[in-house]
Amino acid sequence: MPDFVMANTAPGRPPLVPEITLRMADEPFELWERTGDDLPYWAFAWAGGQAVARHVLDHPALVRGRAVLDLASGSGLVAIAAAMAGAGTVIATDIDPLAIDAITRNAQANDVSVDARLIDVLDEPTVDADVILAGDVCYDRAMTARVLPFLARMAGHGIEVVIGDPGRPHFPRTGGTALASYDVPATAAVEAADTTRATVWRHDRG
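Using the numbering used here, the first residue of the sequence shown is number 1, and each one after it goes up by one.
There could be a bad hint or two in this list.
Stated by the list, open to error - Each pair of labels, with its calculated beta carbon distance range:
no. : residue 1 : residue 2 : range
1   : GLY175    : ALA10     : 37 to 47 Å
2   : LEU118    : ALA152    : 36 to 46 Å
3   : ARG13     : LEU39     : 35 to 45 Å
4   : GLY158    : ASP3      : 34 to 44 Å
What the hints contain is simulated information worked out from the structure, not anything from laboratory work. For each residue, glycine too, the CB sits at the ideal point set by N, CA and C.
All chains, please: the whole structure from these sequences, using the hints.
Laid out in structure tokens, this is it:
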């Protein structure tokens, strides 16, 4: 679908991270019908991702000079924040080809370097990263069942794991340290309330 991202989004600024420009859609479900596949996670600034991006920009030492992997990157918001904060390298992974296009375009719009890769890393024994950032990855039971063991495994290898979660029901409330919480204004009709409380967690190493 050439130019699908450009045709169905417009430049905007996530309310919690106005330093970053993203191509976003106004209405998720109409766009979902046009993609005919999964919900277009790449077209919105989700609350958990905004919280991680805000935290990274406010605490650049977390990523400065380090190799960062942004898991299930979607729009690339968190990856872009890491690059802006001075990360040595930034890899953004996603399994949706449209997300890879969106990440690439959004990185270009913010004049940062992000390596967008169409890959599923969740079954990998390890990854080449110092820090893994994950914004809003526990949005359903199936994804949570895959992503949490991966993140625990990576933390066990000494990789710093930081997760943003806006109170999703499948996200565990143990095994992590809360670093910060943010009230995230909604962007488009993707949350049940106008403002969502999102917390940034560091995975405790077992």
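Against the structure, the hints:
no. : hint                          : result
1   : GLY175 <-> ALA10: 37 to 47 Å  : holds (39 Å)
2   : LEU118 <-> ALA152: 36 to 46 Å : violated (25 Å)
3   : ARG13 <-> LEU39: 35 to 45 Å   : violated (22 Å)
4   : GLY158 <-> ASP3: 34 to 44 Å   : holds (42 Å)
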